[in-house]
Amino acid sequence: MIENLAMGFMISLQPHNILYCLAGCVVGQAVGVLPGLGPTATIGMLLALTYNLDLTSSIIMLSGIFYGTQYGGTITSVLMKIPGEAASVVTAIDGYAMALRGEAGKALGIAAFGSFIAGTAGTLIISVMAPPLSRIALLFGASEYAMLMLLGLTLVIHLGSESKIKAVLMGAMGLALGTIGMDSVTAVERFTFGAETLMEGLNVAVVAMGLFGIGEILVMAESGTARALRDSVRCPEKIRDLLPNRHDWKISLMPISRGTLLGFLLGILPGGGVIIASFASYGTEKRLSRNPERFGKGAIEGVAGPETANNAAVSGAFIPLLTLGIPANVVMALLMGAFILHGVVPGPFIIDQHPKVFWGVITSMYVGNAILLILNIPLIKWFVKITEIPFAILSPIVVMICVIGAFSINNNPVDVLIMMAFGGLGFLMKKFQYEPAPLLLAYVIGPLLESSLRKSLILSHGSLSIFWTRPISMALFMIFVLIVLSGGLGGPLKRILKRSRSVGQGAVTRE
Amino acid sequence: MPSQNHKDLWSAVCLFAMGLFLLTLSTRIPIWSASGPEAGFFPFLIALVMMVFSVLLAAKALVVLRKGCIPAVEHLLPGGGTKFRILAYALLMLIYGLALPRFGFLVSSSLFLVLILRGVERQNWKTLIPVVLLSMFLSYVLFRHFLGVPLPRGILPW
Chain B
1 MIENLAMGFM
11 ISLQPHNILY
21 CLAGCVVGQA
31 VGVLPGLGPT
41 ATIGMLLALT
51 YNLDLTSSII
61 MLSGIFYGTQ
71 YGGTITSVLM
81 KIPGEAASVV
91 TAIDGYAMAL
101 RGEAGKALGI
111 AAFGSFIAGT
121 AGTLIISVMA
131 PPLSRIALLF
141 GASEYAMLML
151 LGLTLVIHLG
161 SESKIKAVLM
171 GAMGLALGTI
181 GMDSVTAVER
191 FTFGAETLME
201 GLNVAVVAMG
211 LFGIGEILVM
221 AESGTARALR
231 DSVRCPEKIR
241 DLLPNRHDWK
251 ISLMPISRGT
261 LLGFLLGILP
271 GGGVIIASFA
281 SYGTEKRLSR
291 NPERFGKGAI
301 EGVAGPETAN
311 NAAVSGAFIP
321 LLTLGIPANV
331 VMALLMGAFI
341 LHGVVPGPFI
351 IDQHPKVFWG
361 VITSMYVGNA
371 ILLILNIPLI
381 KWFVKITEIP
391 FAILSPIVVM
401 ICVIGAFSIN
411 NNPVDVLIMM
421 AFGGLGFLMK
431 KFQYEPAPLL
441 LAYVIGPLLE
451 SSLRKSLILS
461 HGSLSIFWTR
471 PISMALFMIF
481 VLIVLSGGLG
491 GPLKRILKRS
501 RSVGQGAVTR
511 E
Chain Z
1 MPSQNHKDLW
11 SAVCLFAMGL
21 FLLTLSTRIP
31 IWSASGPEAG
41 FFPFLIALVM
51 MVFSVLLAAK
61 ALVVLRKGCI
71 PAVEHLLPGG
81 GTKFRILAYA
91 LLMLIYGLAL
101 PRFGFLVSSS
111 LFLVLILRGV
121 ERQNWKTLIP
131 VVLLSMFLSY
141 VLFRHFLGVP
151 LPRGILPW
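Residue numbers (the working numbering), protein chains in the order written: chain B, 1 to 511; chain Z, 1 to 158.
Misleading hints may appear alongside valid ones.
Label pairs and their in silico Cβ distance ranges [as the list claims (entries may be wrong)]:
1) B:M129 x Z:R144: 38 to 48 Å
2) B:H16 x Z:I95: 52 to 62 Å
3) Z:V49 x B:A195: 22 to 32 Å
4) Z:L94 x B:G462: 38 to 48 Å
Calculated Cβ distances over 12 Å to all of chain Z for the following chain B residues [what the hints assert, rightly or not]:
5) A6
6) T50
7) Y51
8) R101
9) K164
10) S184
11) I251
12) D352
13) I397
14) V403
15) N411
16) N412
17) L457
18) S463
19) I479
Keeping only pairs whose Cα atoms sit at most 20 Å apart, straight-line, the calculated SDA-like set for lysine to any residue is [unchecked claim]:
20) Z:K60 x B:F432
21) B:K431 x Z:W32
22) B:K455 x B:I472
23) B:K431 x Z:A58
24) B:K164 x Z:I86
25) Z:K7 x Z:V63
26) B:K455 x Z:M18
27) B:K431 x Z:K60
28) B:K431 x Z:I29
29) B:K164 x Z:V63
30) B:K431 x Z:K126
31) Z:K60 x B:E222
32) Z:K7 x B:I393
33) B:K164 x Z:I29
34) B:K431 x Z:L48
35) B:K430 x Z:M18
36) Z:K83 x B:W468
37) B:K455 x Z:E38
38) B:K431 x Z:K83
39) B:K431 x Z:S135
40) B:K455 x Z:L9
I should point out that these hints are in silico values taken from the structure, not numbers from a laboratory.
Note that the structure is a prediction, hence the values are computed from the model and not measured.
Using N, Cα and C, we set each Cβ at its ideal position, and we do this for glycine too.
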């Protein structure tokens with residue numbers, strides 16, 4: 001393990017990779033500060049543009065965006081009580097209360113240090129867990145993969161969506177879109193209508209940019225240019241203002257430890273994600289606290305725990321992607337798209353076939369978290385200034401990046417038209433309250449699911465019994481049935497989420 | 001004004017139609033053979049799932065609608081000036097995408113930014129000119145030199 005980590009650091013500490021990591025963290029943090037655009041839209045926009053970079057640099061930069069956005073959301077949560085990201089909603093409760101007491105620096109500081117600790121621990125845990133998990137994954141055959149992907153998609157639908165029926169419909173639409181192009185098994189053309197552009201299917205970057213980028217811009221265009229921002233609390237000027245003292249560390253140590261573990265485990269679960277991790281951590285710390293009445297009034301544990309958990313969840317989410325080839329959430333699905341764009345399919349073979357990519361990406365998480373820590377100490381007030389940029393100026397620039405990105409994939413204006421069509425679809429989905437995440441996730445894993453399903457049925461001569469006669473496949477099938485019949489694992493987590501959200505939103509909107 | 005349940009009903013009808021269309025197209029491809037599932041099998045299965053769940057969504061919406069008058073939530077599609085903004089954005093994006101290979105990155109992107117910022121967002125020239133110049137410079141450096149993205153030259157030599 002130490003040799004592998006050393007190899008990984010040799011790659012991630014190369015000057016150009018540090019630069020890409022820095023760029024990803026800066027862009028991610030800037031995006032995280034702005035409500036509206038999120039990591040999904042940003043990664044979708046930049047996915048096509050990283051095509052010309054090598055795979056490791058591309059994933060390092062895109063991953064930097066992901067954890068950068070988490071911290072960007074924290075800044076506005078603490079200073080303005082406006083969560084830049086959904087995962088920062090709970091931070092707004094106690095973080096802003098601390099800021100009103102003149103402790104904004106401590107809140108931001110403990111969030112930064114907690115995130116760094118979570119990122120470091122996450123890197124170590126992945127280094128330990130990933131190789132044995134990959135060996136287990138080698139036992140997986142076509143039927144196990146089919147069940148695992150179906151289970152992953154089902155969990156995303158159950159845990160991440162308000163309306164399950166609508167989420168299933170979006171998942172089905174995503175799977176349908178994934179069938180466009182040449183069939184991988186028989187080379188039959190499907191749903192291309194004679195268009196050569198569609199022979200290789202739709203490009204994942206184009207779909208993501210359309211749904212999450214252009215769609216979001218059209219929604220924001222509808223709401224107009226004015227965007228009233230709350231007056232922010234004074235931003236910490238000096239570095240020592242950001243350093244928690246010994247007492248703060250004493251109170252925060254256990255929340256940070258619990259947040260790391262809880263966040264990492266929830267991040268592994270498909271559909272779990274950083275949002276649930278932060279809410280679950282807040283609820284846990286409040287329940288375990290000797291003085292729960294302090295929560296909501298500036299309890300430092302209410303910042304330390306959730307911020308650590310959301311960063312740990314980001315690390316955890318890499319486990320199923322890198323070891324099993326299953327994206328745990330829509331951002332991981334986009335990263336999977338980045339791998340596929342470069343001709344590499346993530347999964348159990350990636351450690352052996354592309355060790356430099358694997359260990360380079362793992363160690364870059366540590367580097368990225370260190371960069372965020374160093375970056376935030378002198379530059380917080382500049383990131384806050386980004387919130388002053390009006391939508392009227394920002395949106396055309398975002399559109400320009402999307403159009404360049406879509407065009408640059410194949411130098412083909414048809415990709416721009418397809419992106420705009422998905423932009424229109426994304427806009428309509430928002431208006432009709434359909435979530436785009438199940439669609440994109442299903443679109444990315446659809447071809448793999450179909451391939452595994454068909455291979456399984458070919459091997460079993462058309463008999464479905466292959467899914468419950470092989471032990472691993474049977475276990476996954478039982479879990480799938482349990483979730484479908486009872487609303488299973490999602491129920492308790494969703495109740496925590498709903499309860500925490502109603503407490504959080506009540507506190508955030510109370511003025 | 002329509003309620004969310006009306007929207008669910010209409011969207012369910014559209015999704016059912018989509019599912020039916022997919023079902024029809026997938027039956028034109030081989031679905032099953034002696035060796036097992038063929039290219040049409042998976043889309044056929046998905047089409048069935050779409051049709052079943054859109055019927056469920058429609059049924060759920062109808063049950064609520066039949067119970068009584070549901071308060072409207074918002075207009076289905078925006079009206080007036082907002083519609084203009086969205087259509088203007090959509091049209092200008094379309095023209096920008098089509099103009100990009102012919103006129104090049106610098107010319108088409110600059111024109112796009114000017115038209116959106118001035119025509120749609122009503123920004124004054126004092127704001128517009130520096131924003132356009134800075135955006136073009138930064139994006140050229142970012143795309144061309146940092147990310148290595150080949151940008152179309154169009155009518156300009158660089």
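The hints, checked one at a time:
The supplied range of 38 to 48 Å is met by M129 (chain B) and R144 (chain Z), whose beta-carbon atoms lie about 41 Å from each other. A hinted range of 52 to 62 Å for the beta carbons of H16 (chain B) and I95 (chain Z) is inconsistent with their spacing of about 37 Å. Between V49 (chain Z) and A195 (chain B) the C-beta distance comes to about 26 Å, which sits within the given range of 22 to 32 Å. Hint check: L94 (chain Z) to G462 (chain B), Cβ distance near 47 Å, so the stated range 38 to 48 Å holds.
For A6 (chain B), the requirement that its beta carbon stay farther than 12 Å from each beta carbon of chain Z is met, with the minimum near 29 Å. Consistency note on T50 (chain B): stated as away from chain Z, yet its beta-carbon is not over 12 Å from all of that chain's, at 7 Å minimum. Consistency note on Y51 (chain B): stated as away from chain Z, yet its beta-carbon is not over 12 Å from all of that chain's, at 8 Å minimum. With a minimum CB-CB distance of about 38 Å to chain Z, R101 (chain B) clears the 12 Å threshold, and the non-interface call stands.
For K164 (chain B), the non-interface assignment is contradicted: its Cβ lies about 9 Å from the closest Cβ of chain Z, within the 12 Å cut-off. Distance to chain Z contradicts S184 (chain B) as a non-interface residue, since its nearest Cβ pair spans about 9 Å, not more than 12 Å. No Cβ of chain Z approaches the Cβ of I251 (chain B) within 12 Å, the least distance being about 43 Å, so the stated non-interface status holds. For D352 (chain B), the requirement that its beta carbon stay farther than 12 Å from each beta carbon of chain Z is met, with the minimum near 29 Å.
Against chain Z, the non-interface label of I397 (chain B) is violated: not every CB pair exceeds 12 Å, the least being about 5 Å. The claim that V403 (chain B) is not at the interface with chain Z is violated, since a C-beta of that chain comes within 12 Å of its own (minimum 5 Å). With a closest Cβ-Cβ approach of about 7 Å to chain Z, N411 (chain B) is found to fall inside the 12 Å limit, against its non-interface label. Against chain Z, the non-interface label of N412 (chain B) is violated: not every CB pair exceeds 12 Å, the least being about 8 Å.
Its beta-carbon lying about 5 Å from the closest one in chain Z, L457 (chain B) breaks the requirement of being farther than 12 Å from that chain. Distance to chain Z contradicts S463 (chain B) as a non-interface residue, since its nearest Cβ pair spans about 10 Å, not more than 12 Å. With 12 Å as the threshold on Cβ separation, the claim that I479 (chain B) sits away from chain Z holds: the shortest Cβ distance comes to roughly 20 Å. Pair hint K60 (chain Z) plus F432 (chain B) holds up; C-alpha atoms about 15 Å apart against a cutoff of 20 Å.
As the CA atoms of K431 (chain B) and W32 (chain Z) are separated by approximately 39 Å, the hinted pair breaks the 20 Å bound. At roughly 17 Å between alpha-carbon atoms, K455 (chain B) and I472 (chain B) fall within 20 Å of each other, so this suggested pair holds. Between K431 (chain B) and A58 (chain Z) the CA atoms are separated by roughly 17 Å; this keeps the pair inside 20 Å, and the hint holds. Taken as a hint, the K164 (chain B) and I86 (chain Z) pair is broken in the structure, with Cα atoms around 30 Å apart against an allowance of 20 Å.
Proposed proximity of K7 (chain Z) and V63 (chain Z) is supported: the alpha carbons are some 14 Å apart, at most 20 Å. For the given pair, K455 (chain B) sits about 27 Å from M18 (chain Z) by alpha-carbon distance, which is inconsistent with the 20 Å threshold. For the hint linking K431 (chain B) to K60 (chain Z), the alpha-carbon distance of about 19 Å falls within 20 Å, and the restraint holds. Between K431 (chain B) and I29 (chain Z) the alpha-carbon distance is near 35 Å, which puts this suggested pair outside the 20 Å criterion.
Taken as a hint, the K164 (chain B) and V63 (chain Z) pair is honoured in the structure, with Cα atoms around 17 Å apart against an allowance of 20 Å. Proposed proximity of K431 (chain B) and K126 (chain Z) is contradicted: the alpha carbons are some 35 Å apart, above 20 Å. Restraint check: the Cα-Cα separation between K60 (chain Z) and E222 (chain B) comes to about 29 Å, which exceeds 20 Å; the hinted pair is violated. Distance restraint check for K7 (chain Z) and I393 (chain B): the Cα-Cα separation of roughly 32 Å exceeds the 20 Å cut-off, and the hinted pair is therefore not satisfied.
For the hint linking K164 (chain B) to I29 (chain Z), the alpha-carbon distance of about 30 Å lies beyond 20 Å, and the restraint is violated. Between K431 (chain B) and L48 (chain Z) the CA atoms are separated by roughly 25 Å; this puts the pair beyond 20 Å, and the hint is violated. Note on K430 (chain B) and M18 (chain Z): the hinted pairing holds, with a Cα-Cα distance of about 19 Å set against a maximum of 20 Å. A distance of roughly 53 Å separates the Cα atoms of K83 (chain Z) and W468 (chain B); the hinted pair therefore is violated under the 20 Å criterion.
Distance hint between K455 (chain B) and E38 (chain Z) is fulfilled; the C-alpha atoms sit about 10 Å from each other, no more than 20 Å. In summary, the hint linking K431 (chain B) to K83 (chain Z) is supported, as the alpha carbons are separated by about 14 Å, within the 20 Å threshold. Simply put, K431 (chain B) and S135 (chain Z) have alpha-carbon atoms about 31 Å apart, too far for the 20 Å limit, and the pair is violated. With a CA separation close to 37 Å, the supplied pair K455 (chain B) and L9 (chain Z) exceeds the 20 Å bound.
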